[in-house]
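A.B. asks: Adding 22 to a residue's 1-based position in the sequence shown gives its number in the working numbering.
Careful, some of the hints might be misleading.
What the hints assert, rightly or not - With a cut-off of at most 16 angstroms between alpha-carbon atoms, the simulated EDC-like pairs for lysine to aspartate or glutamate come out as follows:
1) K45 <-> E60
2) K45 <-> E61
3) K209 <-> E195
4) K45 <-> D147
5) K119 <-> E135
6) K209 <-> E111
7) K209 <-> E227
As the list claims (entries may be wrong) - Each pair of labels, with its calculated beta carbon distance range:
8) G105 <-> S59: 12 to 20 angstroms
9) R150 <-> E63: 15 to 23 angstroms
10) S163 <-> L107: 20 to 28 angstroms
11) G30 <-> V208: 20 to 28 angstroms
12) A177 <-> S34: 19 to 27 angstroms
These aren't lab readings, by the way, just hints derived from the structure by calculation.
As the structure is a prediction and not an experimental result, all values here were calculated from the model.
By construction, the Cβ of each residue, glycine as well, lies at the ideal position given by its N, Cα and C atoms.
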Amino acid sequence: MLTSYQAGHYTSGERNGQACVSKEFKSGSVYEDHYFSEELEIMRRTQQIVDNFQTAGFLPGREIIVNRPAIWRFEGDPGRRAGQLSLVEPMIENFEKFNSNTGWTGRNNVWNEAMQALSHFSYHDSGRRFLLCDLQGGSYSNGYILSDPVIMSQAHDCGPADLGYDGIKSFFERHRCGQFCDRDWVKPALTGRAPIPMRRGTTMERPPTRHDRNPLSRLREY
Numbered sequence: 023m024l025t026s027y028q029a030g031h032y033t034s035g036e037r038n039g040q041a042c043v044s045k046e047f048k049s050g051s052v053y054e055d056h057y058f059s060e061e062l063e064i065m066r067r068t069q070q071i072v073d074n075f076q077t078a079g080f081l082p083g084r085e086i087i088v089n090r091p092a093i094w095r096f097e098g099d100p101g102r103r104a105g106q107l108s109l110v111e112p113m114i115e116n117f118e119k120f121n122s123n124t125g126w127t128g129r130n131n132v133w134n135e136a137m138q139a140l141s142h143f144s145y146h147d148s149g150r151r152f153l154l155c156d157l158q159g160g161s162y163s164n165g166y167i168l169s170d171p172v173i174m175s176q177a178h179d180c181g182p183a184d185l186g187y188d189g190i191k192s193f194f195e196r197h198r199c200g201q202f203c204d205r206d207w208v209k210p211a212l213t214g215r216a217p218i219p220m221r222r223g224t225t226m227e228r229p230p231t232r233h234d235r236n237p238l239s240r241l242r243e244y
């Protein structure tokens, strides 16, 4: 994984004293330079998809809230974390996972079916360009709060958890439409075989190989 999660409390602002989660970046990855911009762009696209889904009225009487992180900086820490940036968002009670980016799905109930429909809708509504998945958060009597989703894309440009077309195809090979899906929503061409193994957790791609550098086997001491 490229990130770690730390629980804490807000120390200022309108949420002062409330529980929060800090999503911190593990240094040393090739994704470091683009980490925050990618994460915030994913959240922007997620909000747009959710807004379109709710406007279409597929879940009457239920609201979907996207937990939007804010960028905070560590201060007052003389150690290695001083000045480090982090994405901070409110903690969600009764946290659960609804699906993964390889097609795993959670419990077979009406709440989970609604989230599978949101994923399917995202692919249809975006003209096959995006798939919103890896949905997780909290379900409540009148809706959902979602946190830290994944968007997979045809362009393969939405971060390390974007598995591209192979990921989209793997997801739909395992997807089963429920009561909230529309039979007219598009799917990719299915063959009965998923290119990527199914996992409950988030599957991430390996960092790209630096072909301009010598392999470790060719290094020597001087």
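A.B. asks: So, for every hint listed, does it hold in this structure?
C.D. replies: Going down the list of hints, with the structure as the test:
no. : hint                              : in the structure
1   : K45 <-> E60                       : holds, 14 angstroms
2   : K45 <-> E61                       : holds, 11 angstroms
3   : K209 <-> E195                     : holds, 10 angstroms
4   : K45 <-> D147                      : violated, 29 angstroms
5   : K119 <-> E135                     : holds, 12 angstroms
6   : K209 <-> E111                     : violated, 33 angstroms
7   : K209 <-> E227                     : violated, 23 angstroms
8   : G105 <-> S59: 12 to 20 angstroms  : holds, 18 angstroms
9   : R150 <-> E63: 15 to 23 angstroms  : holds, 19 angstroms
10  : S163 <-> L107: 20 to 28 angstroms : violated, 36 angstroms
11  : G30 <-> V208: 20 to 28 angstroms  : violated, 42 angstroms
12  : A177 <-> S34: 19 to 27 angstroms  : violated, 39 angstroms
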